[in-house]
Amino acid sequence: MRRLLVTTTVLACACTQALSLTKDDSPVVLSHQLISAPNPGEKGSFAVKTMYYGSGTDKRRAEFRDSVTIKTKTVDGSPFVSAEPAQAKSKEKDWGFPFSKMPINGRVWYPVGDGPFPLVLIVHGNHNEFDYSDPGYGYLGELLASRGFILVSVDENFINGGLRGESDGRAWLLLKHLEVWKRWNDSTGNPFNHKVDMTNIALMGHSRGGEAVGIAAAFNRLTHYPDDANVKFNFNFDIKSVFAIAPVDGQYRPAGVPTPIENVNYMVIHGSHDGDVSSFNGLRAFQRIKFTDGKPWFKTAWYVYRANHGQWNTQWGNKDNGPRSGRYLDLRGLITPEEQRQFSKVTIGAFLEATLHNKVEYLPMFRDHRVAGTWLPKTMYITRFQESGFKSLATFDEDVDVTTGSVPGVKISADSLATWKENALNLRSGTGDALNTNAVTLGWNNHIRGDDTTKIGSAASYTIAMSDSLAAALAVGRESAIYLSLAPTEAKPGPRAPFRDTTKKADSAKKDDKKPPAKKPDAKPAKDTTPVDFSVELVDAAGHTARLPIRRFGVPRRPLEIHILRRKDEEQQRYPTQYELVLQTYLMPISDFTQASPSFDPTHLRSIRLVFDKLVAGTIIVDDIGVSSRAGPFMSVSEP
Amino acid sequence: MNLRQAAMLAVSLSPITLAAQGREPFAPVVLSLPGGARTLALGNVGVAGRDDDVLFFNPSQLAIARGTSASVERLSSAAATGSLSSVIRFSTGGVAVGMRMADYEAPSNFFPVNRDSMLNAGPGRGTSVEAAVGLAMVAKNIRFGATAKYVEDNVQSFRAGRAAFDLGVSKDMLRTTWALAVQNLGESMSMRCSIASAAQSGDCVAAGVPLSSQFTTAQLPLKTTLGAYHTRPVGQFDLAATAAVSVLRNGFVTPAGGAELGYSWLDGYSIALRAGGRRPIDGEGAMTAGAGLNIDRLSIDYALETLSRSRVAHRVGLRVR
Chain A
1 MRRLLVTTTV LACACTQALS LTKDDSPVVL SHQLISAPNP GEKGSFAVKT MYYGSGTDKR
61 RAEFRDSVTI KTKTVDGSPF VSAEPAQAKS KEKDWGFPFS KMPINGRVWY PVGDGPFPLV
121 LIVHGNHNEF DYSDPGYGYL GELLASRGFI LVSVDENFIN GGLRGESDGR AWLLLKHLEV
181 WKRWNDSTGN PFNHKVDMTN IALMGHSRGG EAVGIAAAFN RLTHYPDDAN VKFNFNFDIK
241 SVFAIAPVDG QYRPAGVPTP IENVNYMVIH GSHDGDVSSF NGLRAFQRIK FTDGKPWFKT
301 AWYVYRANHG QWNTQWGNKD NGPRSGRYLD LRGLITPEEQ RQFSKVTIGA FLEATLHNKV
361 EYLPMFRDHR VAGTWLPKTM YITRFQESGF KSLATFDEDV DVTTGSVPGV KISADSLATW
421 KENALNLRSG TGDALNTNAV TLGWNNHIRG DDTTKIGSAA SYTIAMSDSL AAALAVGRES
481 AIYLSLAPTE AKPGPRAPFR DTTKKADSAK KDDKKPPAKK PDAKPAKDTT PVDFSVELVD
541 AAGHTARLPI RRFGVPRRPL EIHILRRKDE EQQRYPTQYE LVLQTYLMPI SDFTQASPSF
601 DPTHLRSIRL VFDKLVAGTI IVDDIGVSSR AGPFMSVSEP
Chain B
1 MNLRQAAMLA VSLSPITLAA QGREPFAPVV LSLPGGARTL ALGNVGVAGR DDDVLFFNPS
61 QLAIARGTSA SVERLSSAAA TGSLSSVIRF STGGVAVGMR MADYEAPSNF FPVNRDSMLN
121 AGPGRGTSVE AAVGLAMVAK NIRFGATAKY VEDNVQSFRA GRAAFDLGVS KDMLRTTWAL
181 AVQNLGESMS MRCSIASAAQ SGDCVAAGVP LSSQFTTAQL PLKTTLGAYH TRPVGQFDLA
241 ATAAVSVLRN GFVTPAGGAE LGYSWLDGYS IALRAGGRRP IDGEGAMTAG AGLNIDRLSI
301 DYALETLSRS RVAHRVGLRV R
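Residue numbers (this note's numbering), protein chains in the order written: chain A, 1 to 640; chain B, 1 to 321.
Chain A on its own, in the form it takes in the complex:
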């Protein structure tokens, strides 16, 4: 018996992974605080009150039965939410109402004052329907109300549980809540009369709620429900901002296509150690968002190392798949719930202050998070960013010709690269989980193959050249900026072939041929911990150059190691890679280049070149190369 126990213990330990995390560089990366505005994660000056509104008949929760300040009518959600008859019957029995009589229940944190205050709705995602999710954002309610926002945590617990394909219903319910608020704001005698700034609305959602807020932003502008045109919409609210917390994506596809989202400020956050939505699904929504109306919008995506799915909500906790999921989820690597919520308070606070209160002083942290180092919990972040002034030069999505860019007039070339290919990006779950965007992979090794291991060739490079007409159309100037998103990988190409002198005599060439073939590079990329760096070089029409290292504008990190499951074999079986490929966006002010090289004339910019002169060998994946002349507010604070 003792032997059996020992054997079992050994087997169990063998299957359990040792805690493995990427070395934390945050003490260096987050050592600066360059924004001087008040910390958006700290409470503001307003006194805060709370209230409930709802049906007043809730059979399960006293707050929506006995404590409602304002009663609301039920709505018919049956066109959007359905279930098998037995499940629908069970739901009705559990909650006391069918899908055709959904309550409009909300818990509200609001500032004491005359207003009008921007209105922010937050909605939870799927969870145990009887472990109510809506109280879990109280910490945000206290924060935001004190900073002059009305926060409503919307109750959608009654469509939690085992339902499928109900994300459109979650979205539609949010818009029905907005209708109620509009009515109250317009009604004399209502406590919220003229206190709600209906021109500044934000929607926030978590998990399935995170997808729902994007759908709501899309529905808001439609006149008909895409899946049944007999259902008419008439919302048209001024939704300025959408914030998605660890969202799913694609569970609802209006008319069979990904939900199109346009002309809103959008932010998505996701934890690397999310045990529920284990891929950064929100990146797909980030990629899809388009700015078409010429207004100053922006979108940003933050990947938070060691954050999970549930700790954004105080009710959900650290076990992302229920109270028993500690059996298989590795919880040891998680940052604390307090740290995780400090992050959400800072980013949500700053995002809403910037987009609804127009406090532009917070904008630079979305371009480069290093400028808010003391506000953010000490962990690692990878951030994507794009504002509506972005003009693409190369997004690698348009064709299969690697020498063409996204717009006519772009010519792409490369010199001495070992790897140059364009391919589709996938999320961590693999090829079945496409990110729906292509990128270019660039690999280099400046070593020359041969016995002399110190022999280094010229630095490999990759050039995006612009025609004169395109350069004129882009109107690049000293206030413009260069965009680039990239992620280093672990791959390391072998040394490059020596340059062959074709002027040599034929017999000497033959002699060379007799040499034994060079050893092939290892197929398996070696693990390299050398910091990744290279130069970005701008060239003007006269041939003047300005060159700066990429590290100046951000940290090009190798992939962050992720182990979500306790069992190594299950982790490897479920995920093809032990990292999520998230590209970091670098927004590089052209003024920095002119400062470094005064002879360079940005108004005649002709090419952007990546020169791999800092690291002898490496591979990076690059996407979304472009320029912008409207990124000024995001660059008001210089990089550390």
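No lab work stands behind these hints, which were simulated from the structure alone. Hints are supplied without guarantee of correctness; some may be wrong.
Claimed, not checked - What follows is a set of in silico ranges between Cβ atoms, one per label pair, in the way DEER data are often shown:
#, chain 1, residue 1, chain 2, residue 2, range
1, B, Ile300, A, Glu84, 51 to 57 Å
2, A, Glu561, B, Ile300, 33 to 39 Å
3, B, Tyr263, A, Lys359, 51 to 57 Å
4, A, Ser325, B, Arg321, 20 to 26 Å
5, A, Glu42, B, Arg50, 37 to 43 Å
6, A, Glu179, B, Leu273, 55 to 61 Å
7, A, Thr454, B, Ile300, 26 to 32 Å
8, B, Arg89, A, Leu331, 30 to 36 Å
9, A, Lys93, B, Arg50, 26 to 32 Å
10, B, Lys140, A, Glu179, 40 to 46 Å
11, A, Asn321, B, Arg321, 51 to 57 Å
12, A, Lys93, B, Val312, 46 to 52 Å
13, B, Ser91, A, Thr69, 57 to 63 Å
Heads up, the beta-carbon is just placed ideally off N, CA and C, and yes, glycines get one too.
Here the structure of chain A is known, so what remains is to put chain B in place on it, guided by the hints.
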């Protein structure tokens, strides 16, 4: 056929069962023996089980059962039994093969033995064998299954064999598996009286007839069982409970049941404690108990069953899922 119709069939079969009684005892003895270590610990209730050894209890559950297992049981110093079964996915259900065998000493040329008499030491040697092939399919969320098997009793170098059949139906309702099985349908077995002792049969006492031309006969232990299996989490534990009631050919009704409390500290690894009770037939005791250890796809199970006259038997099993 829905569950109600299946229940009607079972009820209608019971009178046939009862009407056919009177030919005691039953043979072969292997059909009265346990089929697996885990099920034995649960009162030997397996009619709604989900492991591969459900082949020996209810073929309809083969539609959801997966794995391969082997188990052996020491019944006494003179008797032992073992089983082997394996089930794989097939179409909408599953197909399984299995074998059970019992080896025992007995008073010389004794046929048939039962669970009690097989425990005794004796100069004779007997074996009892079952080889089974089962198939299950799913239609309209109801699982149907049938098992065809060959059963045989050997006494010394002589044997008596028969084909037999099991039928089963099961369905999940109210988070519980409900199952009905009719087992051991087939003709009776017989053995020449010159070989077998007629101690428990009146067949070999016909006056004036030479013993060599007479036969002793035993019926197959026809059994109809209705049972249920339910599992649910209880805090950090996993609770499983099963219960069944069986009607034997002779009208004997045997209720039985068991429960299992499991705990997993790492996905794929768990331990379980089990206990069961039953209304015993000849040779059996009322209580069963056991424990299990799950190491990923491998399970090691131990079961204990009480036997008549305060005896205890031990069974160990290995299962690979």
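Tested hints:
1. B:Ile300 - A:Glu84: 51 to 57 Å: Roughly 40 Å apart at Cβ, these two residues miss the hinted range, so it is violated.
2. A:Glu561 - B:Ile300: 33 to 39 Å: holds, 35 Å
3. B:Tyr263 - A:Lys359: 51 to 57 Å: holds, 53 Å
4. A:Ser325 - B:Arg321: 20 to 26 Å: holds, 21 Å
5. A:Glu42 - B:Arg50: 37 to 43 Å: This hint is violated: roughly 55 Å between Cβ atoms.
6. A:Glu179 - B:Leu273: 55 to 61 Å: At 57 Å between Cβs, range holds.
7. A:Thr454 - B:Ile300: 26 to 32 Å: violated, 60 Å
8. B:Arg89 - A:Leu331: 30 to 36 Å: holds, 35 Å
9. A:Lys93 - B:Arg50: 26 to 32 Å: holds, 29 Å
10. B:Lys140 - A:Glu179: 40 to 46 Å: For glutamate 179 of chain A against lysine 140 of chain B, whose Cβ atoms are near 44 Å apart, the range 40 to 46 Å holds.
11. A:Asn321 - B:Arg321: 51 to 57 Å: violated, 22 Å
12. A:Lys93 - B:Val312: 46 to 52 Å: holds, 48 Å
13. B:Ser91 - A:Thr69: 57 to 63 Å: holds, 60 Å
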